[in-house]
Every structure is written in structure tokens, then in C-alpha cells.
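Chemist: Sequence:
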Amino acid sequence: MEEMDVQLVVFDLDGTLIGASMDFTEIKRKLRNKLLEEGIPEELIGDLTPMYETLVQISQKTGISFEHLHSFLVNLEVERSKESYLFEGARELLEFLKDKGLKLALMTRSSRKATEFTLKKHKIKEFFNLIITRDDVSWKDVKPNNGHLKVILDYFRIPSTKVVVVGDHGYDLIPAKALGTLSVLITSNESGRMSFKIDEEATFEVKTIKEAIDLFKRLLNTYVVVPAYNEEKTIGNVLEDLLKYFKEKEIIVVNDGSKDRTKEIAIEKGVVVLSHLVNRGLGGALGTGIRYALLKGAEIIITFDADGQHLVEDALKVMKPVIEGKADFAIGSRLKGDISQMPFVKKIGNFALDFITFIFAKNYIADSQSGLRCLNRQCASKIKITCDRYAVSSEILIEASRHKCKIIEVPIRAIYTEYTKKKGTNVLEGVKIAFNLLLDKLR
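Just so it is clear: in the sequence shown, position 216 is 216 by full-length UniProt numbering, and no numbers are missing.
Check before you lean on any hint, since a few could be wrong.
To be verified - Label-pair restraints from in silico Cβ distances:
1. 138 / 381: 21 to 31 Å
2. 49 / 200: 11 to 21 Å
3. 187 / 279: 40 to 50 Å
4. 138 / 34: 20 to 30 Å
5. 122 / 36: 25 to 35 Å
6. 382 / 96: 25 to 35 Å
7. 402 / 249: 30 to 40 Å
What the hints assert, rightly or not - With a straight-line cut-off of 30 Å between C-alpha atoms, the simulated DSSO-like cross-links for lysine-lysine are:
8. 247 / 120
9. 269 / 259
10. 210 / 317
11. 362 / 317
12. 296 / 259
13. 177 / 263
14. 217 / 247
15. 61 / 113
16. 82 / 162
17. 233 / 150
18. 121 / 34
19. 382 / 320
20. 140 / 177
21. 296 / 103
22. 98 / 269
23. 320 / 259
24. 384 / 404
25. 150 / 98
26. 125 / 82
27. 263 / 326
28. 103 / 82
29. 217 / 317
30. 233 / 207
31. 34 / 162
32. 362 / 210
33. 28 / 120
34. 247 / 317
35. 217 / 113
36. 100 / 123
37. 103 / 113
38. 249 / 263
39. 120 / 210
40. 233 / 217
Keep in mind that the hints were calculated from the coordinates and are not lab data. Just so you know, even glycine gets a beta-carbon here, dropped at the ideal spot from N, CA and C.
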């Protein structure tokens with residue numbers, strides 16, 4: 001069973017793996033009182049956000065030893081660690097990822113002393129290949145600054161696209177986004193940590209660390225089906241983009257009787273190549289690819305066009321609701337995004353086909369002809385593909401709707417070049433699709 005090409009998972013500690021009855025608001029209150037007892041002016045203390053950096057600034061402005069001030073915070077952190085508890089599912093997730101052969105690292109704003117105490121108490125230190133606390137980097141590099149995570153990436157020498165950061169806070173998302181890693185946000189805020197709003201969004205979200213187990217099981221068993229017919233001009237670049245996130249054996253190129261070098265280029269990239277001796281059309285290619293992925297045990301299946309129209313970053317967005325278990329089927333909607341570059345003829349054809357698809361599916365999808373889709377195993381297994389050519393895009397939605405699969409649309413941006421404008425569905429092809437659908441339903 002092949003996995004999405006995740007090689008390293010970087011965990012936050014407090015609020016992600018462990019919680020405690022003493023929350024960070026309480027630590028702030030106690031630290032403030034201690035600083036006031038030391039005679040530190042109120043205006044220098046401020047709201048103590050963030051606490052560690054505020055202590056550095058107080059030391060610089062007053063000349064008081066930073067080690068002395070820092071000891072107050074460390075003692076409070078150790079006090080919190082003594083009453084800490086491991087979140088349900090945390091150990092199981094660490095065991096699962098280790099069993100999969102992944103590297104694990106810890107990136108925490110806590111002190112080395114408190115971190116070591118916590119890891120020893122809960123007997124989870126042995127899971128981590130590397131532990132980087134705030135004491136191990138310059139105060140200017142502590143997260144949310146990028147330096148904290150960069151130390152970890154440099155140590156392992158693993159490309160950022162093959163790394164997942166798991167945390168419960170904006171401080172975890174900011175460096176992940178800046179350095180280009182994937183991210184999983186734990187949203188339940190169980191530790192009582194103060195709220196923190198940022199513009200950055202996580203790649204994936206779950207309520208609890210326990211739910212993250214199922215998320216990783218799906219994530220690490222995702223396959224991509226790429227139907228291709230005479231795509232030698234674009235297939236190489238498309239596969240290079242996909243290989244940033246997926247292993248070669250997870251990418252299935254269905255060479256649909258191509259007469260050019262599509263097959264040879266795909267083989268050179270090391271991906272799985274399934275070939276039709278004759279051109280069977282989009283439906284035939286998708287059917288072959290999806291059946292193969294299911295036979296390999298795929299939990300998640302993505303379909304991705306070979307003409308360079310899709311962005312791999314949009315594939316991650318389309319995956320999101322399915323990976324999170326919020327949908328059975330997600331489709332990338334070009335018509336919910338910027339359609340200014342879409343050729344007028346394609347707009348008319350798509351609108352007509354959307355309406356026809358709605359009649360049969362009883363479910364209106366704004367971009368029923370999009371080639372960027374994500375399905376979970378349960379939904380994909382129920383879909384019976386009978387249309388060989390472009391009618392398959394409507395047929396898949398009709399089948400999914402008939403089987404009560406939950407469908408979600410995700411806005412995406414399509415790349416329109418002179419090459420991609422010639423591909424896909426035009427008005428004439430749309431009429432053919434409508435005719436085929438009507439014939440099929442009248443049989």
C-alpha cells in the first residue's frame with residue numbers, strides 16, 4: 001500500500017499533544033504578579049503577549065539578568081507540566097506515524113526543562129527524532145518566526161512539501177505557511193490557550209488530536225489519477241508538480257492510446273502508467289484509473305487533468321473537505337473562482353451542461369465539467385462509469401448524487417493558455433454529451 005509522500009511530521013506540544021488544568025492565561029497572571037514583585041514597571045510588562053519575548057525586552061530595557069527573569073517563566077511551565085495530561089489519541093497517533101516509518105520532530109515554545117519533564121512524564125520522548133525548544137534557537141527565531149521550523153527542516157534535509165506541521169495555534173501555522181509545509185490545525189483549543197486570529201489557513205483541520213489519526217490514515221493513502229491523451233507538451237511539468245506532494249506509485253497516468261510521447265515521458269518520471277491500446281476517451285481513462293486505485297486500497301482518489309490547467313495547490317484545497325471527513329466528493333469549481341480568463345464558448349457550454357446535469361442529478365453543481373475532483377473510497381466504489389467520453393463528468397456527479405454522496409464545491413483557479421483553451425468541452429461536444437445522457441436515461 002503506497003502513501004502520500006509525507007516524510008516528516010512536526011508537532012507542537014502544549015495544546016496539541018498535552019493539556020493541563022493551568023492554562024496560559026493563569027501562567028500570565030502569575031508571571032505578571034512575580035514581575036510586579038520584582039519592581040518591574042507596569043508599562044514594561046504590558047499584556048505579556050508573547051511572554052518569552054516580553055521578558056527579553058524587559059531585560060534589555062532594565063538591565064536585569066534575563067536568566068533571572070526567565071527562571072520565573074520556566075518554574076511556572078514546570079508547575080504546569082506536573083499537572084499535565086496527554087490528550088486522548090495522542091499516543092496512538094505517534095505510534096501510527098512511527099509504524100509508517102515517518103520521522104517525527106517536536107517544535108515548542110516551552111523551555112527545555114519543562115519540555116523534558118513533560119515528555120518523560122508521559123513517556124513519549126522516544127517517538128521524536130528531534131526536539132527543538134525555545135532554548136535551542138535565538139529568541140528572534142522562536143515560532144511564529146520561521147527560524148524555529150527552519151532549524152528542523154535543515155536538520156532532516158527534507159523538502160518542505162513533504163513535511164506536515166501539526167499544531168493548535170496561529171504560531172504553528174505562520175512558519176508552516178512561510179516555509180511551504182503542509183499543516184494540520186487542532187481547533188478544539190482544549191488546553192485553554194488564548195485565542196489567536198491570523199489570516200493563514202491550515203491545509204487541513206480537525207477538532208481533536210484523536211480525529212487526526214483518521215485524517216492521517218486517509219492522507220497517507222491518497223492516489224492521483226491523471227487521464228492523458230496526446231499530452232506530451234504538458235505531462236512532464238504536470239507530473240513534476242504532483243511529485244512535490246505524492247510518491248511515484250501514487251500517481252496513475254492513464255495513457256489513453258496517445259500517438260505522441262505521453263507514455264514515454266510519464267514512464268521517465270517514474271509514475272504508474274496504464275495504457276489503452278486505442279483511445280477510449282475521458283470516461284474510459286478515468287474508469288481505468290479509479291478502478292486501479294481502488295484495487296490498490298486507496299482511501300482517497302483525486303482526478304487531475306494532464307493539460308496543465310490545474311494547480312497542485314488547488315488539488316490540496318479540493319482534498320481538504322474529503323480528507324477531513326466533511327464530504328464524500330469535492331469538485332474544484334472554476335466558475336466559483338475567477339472566470340475572467342475562461343473562453344466565452346466554454347462558459348456557455350459549461351452552463352448548459354451544468355443545467356442538464358442538474359436535471360438528472362437533482363443537485364446543482366456550478367462547474368460539473370471540472371476535471372479536478374476528490375472522492376473518498378466509499379463514494380468512488382459506488383460510482384459505475386459507463387460513458388467512455390466527456391459525458392463521464394456529468395455521469396460521475398449523477399452517480400454520486402444517486403448514491404447520496406455528500407458533494408462539496410471548492411473554488412479553484414484554472415490556468416488558460418492557448419493549449420488548454422483547445423482542450424476539454426466546447427459547445428458541440430456539450431450537445432453530444434447532452435444527447436448521450438438523454439439516451440442513457442431513456443434506455
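Chemist: Below or equal to 30 Å on CA atoms is what counts here, so check residue 121 against residue 34.
Modeler: Given pair residue 121, residue 34 holds - Cα atoms ~27 Å apart, limit 30 Å.
Chemist: Does residue 162 sit within 30 Å of residue 34, going by the straight-line distance between their CA atoms?
Modeler: With Cα atoms ~43 Å apart, residue 34 and residue 162 exceed 30 Å; violated.
Chemist: Taking 25 to 35 Å as the hint, is the beta-carbon distance of residue 122 and residue 36 inside that range?
Modeler: 34 Å, holds
Chemist: I want to verify a distance hint. Is the separation of the beta carbons of residue 187 and residue 279 within 40 to 50 Å?
Modeler: 47 Å, holds
Chemist: Going straight from one Cα to the other, do residue 296 and residue 103 come out at no more than 30 Å?
Modeler: 25 Å, holds
Chemist: When you check the alpha-carbon spacing of residue 384 and residue 404, does it fall within 30 Å?
Modeler: 14 Å, holds
Chemist: Going straight from one Cα to the other, do residue 217 and residue 247 come out at no more than 30 Å?
Modeler: Between residue 217 and residue 247 the Cα gap is close to 16 Å, so the pair holds against 30 Å.
Chemist: Residue 82 and residue 162 were given as a pair; does the straight-line alpha-carbon distance stay at or below 30 Å?
Modeler: Violated: residue 82 and residue 162 sit about 35 Å apart, past 30 Å.
Chemist: Just to be careful, I want the Cα atoms of residue 247 and residue 317 compared with a cutoff of 30 Å; is the pair within it?
Modeler: Holds, because 19 Å separates the two Cα atoms, which is no more than 30 Å.
Chemist: Would you check the hint for residue 382 and residue 320, treating anything up to 30 Å between C-alpha atoms as holding?
Modeler: Given that 30 Å is the threshold and the Cα spacing comes to 21 Å, the pair holds.
Chemist: Below or equal to 30 Å on CA atoms is what counts here, so check residue 263 against residue 326.
Modeler: 36 Å, violated
Chemist: Taking 30 Å as the top limit, are the C-alpha atoms of residue 247 and residue 120 close enough?
Modeler: 35 Å, violated
This entry does not satisfy hints 1, 8, 13, 16, 17, 23, 27, 30, 31, 32, 35, 40, going by the numbered hints stated previously.
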